[in-house]
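Asker: Below are the chains, spelled out letter by letter.
Protein chains: 2
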Amino acid sequence: MNKKSVYKISYGLFVLTASEGDKDNGCIVNTVIQLTSDPMQIAVTVNKGNLTHDMIKNTGKFNVSVIDQTAPFELFKHFGFQSGRDSMKFGTPDSYKFAPKYADNGLLYVSAYANAFMSGKVVKEVDLGTHTMFIAEMTDGEVLSDKPSMTYEYYQANVKPRPAAQKKTGWVCKVCGYVYEGEELPADFVCPICKHGAVDFEKN
Amino acid sequence: MNKKSVYKISYGLFVLTASEGDKDNGCIVNTVIQLTSDPMQIAVTVNKGNLTHDMIKNTGKFNVSVIDQTAPFELFKHFGFQSGRDSMKFGTPDSYKFAPKYADNGLLYVSAYANAFMSGKVVKEVDLGTHTMFIAEMTDGEVLSDKPSMTYEYYQANVKPRPAAQKKTGWVCKVCGYVYEGEELPADFVCPICKHGAVDFEKN
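Chains R and A, in that order, are what the protein sequence lines are. For the first sequence, the numbering used here gives the first residue as 2, with consecutive numbering after it. For the second sequence, the numbering used here gives the first residue as 2, with consecutive numbering after it.
It cannot be assumed that every hint is accurate.
As the list makes no split between identical chains, a pair holds if one copy fits it or if it spans any two.
Below are the DSS-like pairs computed for lysine-lysine, each with C-alpha atoms no more than 25 Å apart in a straight line [unchecked claim]:
| hint | residue 1 | residue 2 |
| --- | --- | --- |
| 1 | K148 | K204 |
| 2 | K49 | K125 |
| 3 | K204 | K78 |
| 4 | K78 | K175 |
| 5 | K24 | K78 |
| 6 | K169 | K125 |
| 7 | K4 | K102 |
| 8 | K5 | K125 |
| 9 | K169 | K122 |
| 10 | K98 | K78 |
| 11 | K161 | K148 |
| 12 | K4 | K122 |
| 13 | K49 | K24 |
| 14 | K102 | K196 |
| 15 | K175 | K196 |
| 16 | K4 | K125 |
| 17 | K5 | K102 |
| 18 | K98 | K24 |
Think of the hints as simulated: they come from the structure by calculation, not from any bench.
I would like the entire structure built from these sequences, with the hints used as guidance.
Answerer: Listed below in structure tokens is the structure:
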């Protein structure tokens, strides 16, 4: 079995946002799909280690912005490479660049570099071990622009900084570019930045 | 709410295959995702009207081939625009063009115009009304080529025959090109070819 076969699956990229108490948060995901059209249902699968995961689990609500091809690496850094447990992702000067707006469900969504957003109300949860899939009725959604959606493949080819720019040697996370310095990568290693496992690292 | 916002979600395209008794069958889906990497789990969501759906439900096994960018429209016609209830999709001269091969789980997969395949053993089913999501442990998988994966967007732009070639007027299914002839499309209309609803039709 070659686990790399799953890398051939195409994905879009999304900013998933949620809120709990007085804190708004967001993270980057690639696992949004439409499930049915009658009723309109969408699903998103989130790593249990993410603060956004817990917020959705506790509140049953989320927004998802579809990232378009013009999005800069900065967007991925802001929402993908830091944890909302340690830093504010919204309400900071940096976050204004991504034009957060409120949807009807009272949650923020990112409106810059996004060609659409959708609001989901969770109707079912599926426990997948390391992740939870939230199945949601779509309660709102708007098209924001005609720009093409960014795929994960496009991100890898055009947005992610080139490894050549890196000085560290060792094992590079193919998802976020984090470098583990050392000859051998432990099999149970999990990227401290984006939470992907050893299977997503390659030697540079 | 603009339901067209869901069209901005990016997808790959896949031939989903299953078998029951002495019958092999396959259909085209766009809803394959990886869920977790430890253990390796994938999911596929299938319309309950598809024969392949029933075969997977009854046997708990499937294969999925990732369609690459070189695939001709003929592949989509063969697996997507006819029902396995009415016609044999495998074992016919046409089907040999798609180089069906057996995986270790005893099921066929399409090896032509595919850059990878994966085998799934269902561990959980989620009833979504019109569809079922099959959550599966990945039991096998191989990379077949380096050709880029075909996205749904690529299919729409480069593979699907142009509407200009159509002579019929009425409502066109944006998924498969089927034309409903008439001034008004009933709101509950379902495409007889690809099973998509009225929301996926546009007036030509």
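Asker: Look at each hint and say if it fits the structure.
Answerer: A quick look at each hint next to the structure:
1. K148 to K204: For K148 and K204, only the inter-copy Cα distance (23 Å) is at most 25 Å; the intra-copy one is 35 Å.
2. K49 to K125: both (16 Å within a copy, 19 Å between copies)
3. K204 to K78: Classified as within: same-chain Cα gap 22 Å, cross-chain 42 Å, threshold 25 Å.
4. K78 to K175: For K78 and K175, only the intra-copy Cα distance (14 Å) is at most 25 Å; the inter-copy one is 36 Å.
5. K24 to K78: Answer is within; shortest intra-copy Cα gap is 19 Å, inter-copy 50 Å.
6. K169 to K125: Cα proximity of K169 and K125: none, with 43 Å in one copy and 42 Å across.
7. K4 to K102: between (39 Å within a copy, 19 Å between copies)
8. K5 to K125: Between copies, since 23 Å is at most 25 Å while 30 Å is not.
9. K169 to K122: neither (43 Å within a copy, 40 Å between copies)
10. K98 to K78: Close inside one copy (13 Å), not across copies (45 Å); limit 25 Å.
11. K161 to K148: both (19 Å within a copy, 21 Å between copies)
12. K4 to K122: Answer is between: at 15 Å across copies they meet the 25 Å cutoff, but 33 Å inside does not.
13. K49 to K24: within (18 Å within a copy, 41 Å between copies)
14. K102 to K196: Result: close neither inside a copy nor across copies, 28 Å intra and 36 Å inter.
15. K175 to K196: Within one copy, since 12 Å is at most 25 Å while 37 Å is not.
16. K4 to K125: between (29 Å within a copy, 21 Å between copies)
17. K5 to K102: This pair counts as between: shortest inter-copy Cα distance 20 Å, intra-copy 38 Å.
18. K98 to K24: Close inside one copy (19 Å), not across copies (56 Å); limit 25 Å.
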